[in-house]
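Participant: Protein chains in written order, with the numbering used here: chain A, 1 to 331; chain B, 1 to 326.
Hints are supplied without guarantee of correctness; some may be wrong.
Computed beta-carbon distance windows for the label pairs [said to hold, decoys possible]: (1) Asp11/A - Lys134/B: 48 to 58 Å; (2) Asp125/A - Arg111/B: 19 to 29 Å; (3) Asp266/B - Gln151/A: 34 to 44 Å; (4) Gln119/A - Pro25/B: 51 to 61 Å; (5) Thr268/A - Tyr24/B: 34 to 44 Å; (6) Asn105/A - Asp81/B: 29 to 39 Å; (7) Thr268/A - Asp81/B: 30 to 40 Å.
By construction, these hints were calculated from the structure, which means they are not laboratory data. Don't be surprised by glycine CBs; every beta carbon is placed ideally from N, CA and C.
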Amino acid sequence: MTGNSLLSVEDVTVNLPTPRGNLRAVDHVDLTVGAGRTLGVVGESGCGKTMLSRAILQLLPKKAKLSGRVMFDRQDLLRLSPEKLRKLRGRSLAVVFQDPMTSLNPVLTIGTQLIETLQEHLELDDAAATRRSVELLAAVGIPAPEQRLAQYPHQLSGGMRQRVAIAIALSCEPKLLIADEPTTALDVTIQAQILDLLAREQRRRHMAMIIITHDLGVVAGRTDEVAVMYAGRVVERAPTPDLFKKMRMPYTEALLAALPRLDAAPHTPLPAISGRPPDPTRPLRGCSFAPRCRYAVARCQAEKPALEAAETSAHQFACFHPIEAHAGADV
Amino acid sequence: MMLQSVPSISPGPLLKVDDLVVEYPVGPKIVHAVSGVSLQIARGETLGLVGESGCGKSTLGRAVLQLRRPTAGRVLFDGQDLTEMHGEALRRMRQRVQLIFQDPIASLNPRRKIGDIVAEPLVIAGVKDPEKRKQLVYEMLSAVGLDPTLVVGRLPHEFSGGQCQRICIARALVLNPEFIVCDEPVSALDVSIRAQILNLLEEMKGRFGLTLLFIAHDLAVVKAVSDRVAVMYLGRLCEVGPSEQLFAKPAHPYTALLIEAIPVPDPDVRPTETVPVGEPPSPIAPPSGCRFRTRCPRADQRCSDEMPELRAVAPGQLVACHHPLI
Chain A
1 MTGNSLLSVE DVTVNLPTPR GNLRAVDHVD LTVGAGRTLG VVGESGCGKT
51 MLSRAILQLL PKKAKLSGRV MFDRQDLLRL SPEKLRKLRG RSLAVVFQDP
101 MTSLNPVLTI GTQLIETLQE HLELDDAAAT RRSVELLAAV GIPAPEQRLA
151 QYPHQLSGGM RQRVAIAIAL SCEPKLLIAD EPTTALDVTI QAQILDLLAR
201 EQRRRHMAMI IITHDLGVVA GRTDEVAVMY AGRVVERAPT PDLFKKMRMP
251 YTEALLAALP RLDAAPHTPL PAISGRPPDP TRPLRGCSFA PRCRYAVARC
301 QAEKPALEAA ETSAHQFACF HPIEAHAGAD V
Chain B
1 MMLQSVPSIS PGPLLKVDDL VVEYPVGPKI VHAVSGVSLQ IARGETLGLV
51 GESGCGKSTL GRAVLQLRRP TAGRVLFDGQ DLTEMHGEAL RRMRQRVQLI
101 FQDPIASLNP RRKIGDIVAE PLVIAGVKDP EKRKQLVYEM LSAVGLDPTL
151 VVGRLPHEFS GGQCQRICIA RALVLNPEFI VCDEPVSALD VSIRAQILNL
201 LEEMKGRFGL TLLFIAHDLA VVKAVSDRVA VMYLGRLCEV GPSEQLFAKP
251 AHPYTALLIE AIPVPDPDVR PTETVPVGEP PSPIAPPSGC RFRTRCPRAD
301 QRCSDEMPEL RAVAPGQLVA CHHPLI
């Protein structure tokens, strides 16, 4: 699969030493993203989705131990020198984080931050970089872009700050944009605008994108493929329409069922997932979801199911008792 | 279970907010956080209050409880005006009204044991007998699904966000209040935990006969728990109505916009790109007339000249709009 993919994450594991013992944040993850494609990575807090994105960006905490391989644009990122990595990040590999207030520098103007990025990676003189900055701010829907260049992040609203962060990420025409919970800190109307903006710029630039989110609703209409993570592992992975049509992993199903639905009557009890995710410093021998899974049997506690394909090669899941096998018996 | 204060049962709504105004200075300017809001909540009812950040919904919730004193207007709780109350009378009244916050971890004192945290309201209310306090704390912790014997001696950092929210709920309920303001109680929680806490709130409401003001920005969450929903924009109510009706047939363009903006977990539902661009204006200088007009596709001259008042468009459904959708 490495052949024509822009990014391939191969058997990546991230271990973090903590006072409570080793924490396996990412556990043998394989993923690929083709040029111009969009992958959604879905999971709850602590599932390892952010650590995975940091592993791809080579921005892990110093103490973290990473094994496996991350191939991006035919280069092995783990073998690149820090100098080459820095050139790559911000240029062909860009990122937008959840909180634009912490990813933007509060003491530099918007203009300085944009121009700095442009001049770091592209050979532009001041006038050209300023011109390009104005174009970028206009492209991400910021009114009066010329005036904004002189403003500081705190003078903008959360939505506007996120637009600036996106403008900086897009500034050098990246091949891959990683958006890590890009709209979680924003209101629902602003969220829709930002997601539309990302989709529009992606199409226009034929850029690949990874959207990391806890919200299945965010990935449903906006990704080609979805990977669901739980306790550090990818537990289900499929083309987006297939996943929503036929969820196989009980966790994915439970996650979708637990969302309050607009078409449900008020006071309908939600099918909550009981319990909570396992302690990542105390890995379970069997399936990590088994203690919360209503289909779990003895084998699930004893043995870890591999992520495997069944009828179609594109739809993979890590479960001994995938949904549907139960369809008749389950009542 | 019951404490000494026996509530007087008066007819009419448990809570009646009349033309409430909250303004506060920021430097030389005035923030118009709440500008003339009126609403009622019947006994045993849950009123959902939705709106974007900065719309004044949290300020309204706090002003109802007198945690922030309103600039003008009245808050009648069980027939008594809370805005007129001070000192001991207000403190006694506060035993009947409680607040649950958004960030469950930040709202628990990190240095105090869970048992002491949940017992604190009892101490303030003057329950002097430690055995009695312990009994009430144990009962309430069990009611919210925690094992008291395992929990009381531990500190907040030993618990997850969902468990901390259970502890906050136990603390809010230990005085057996009648009315609770829930301010974004689940927005800091993960999907799987959120459903647990919403179910718990519903269960507690039934079991203890609570009346709730449920504040949230997530419409689907609000719909799941509310009998009626009020939509707030920039300090004013746009629309109030029974949940089902409001979501099926929104009358205010802003309500329709909020509903449309919710991401639907179904790949066949293509996201519409019709959401108008732009953001809410600043509450320091709200627009004249209808405050939503700067983002509204239906706005005309009248909307900037004349402020629309809430009026009925359907049974139980009120809208403040010159050009409602129904």
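Participant: Take the hints in turn and mark each one as holding or not.
Facilitator: Hints, verified against the model:
At about 53 Å, the beta-carbon gap between Asp11/A and Lys134/B stays in the expected band of 48 to 58 Å. For the hinted restraint 19 to 29 Å between Asp125/A and Arg111/B, the CB-CB distance of approximately 57 Å leaves it violated. Taking the beta carbon of each, Asp266/B and Gln151/A are about 39 Å apart, inside 34 to 44 Å as hinted. Separated by about 43 Å at the C-beta atoms, Gln119/A and Pro25/B break the suggested range of 51 to 61 Å.
Against the hinted window of 34 to 44 Å, the Cβ-Cβ separation of Thr268/A and Tyr24/B comes to about 39 Å, which satisfies the hint. Between Asn105/A and Asp81/B the C-beta distance comes to about 50 Å, which lies outside the given range of 29 to 39 Å. Checked against the hint of 30 to 40 Å, the pair Thr268/A and Asp81/B passes, with Cβ atoms roughly 37 Å apart.
Violation of the numbered hints given earlier is confined to hints 2, 4 and 6; the remaining hints are satisfied by the structure.
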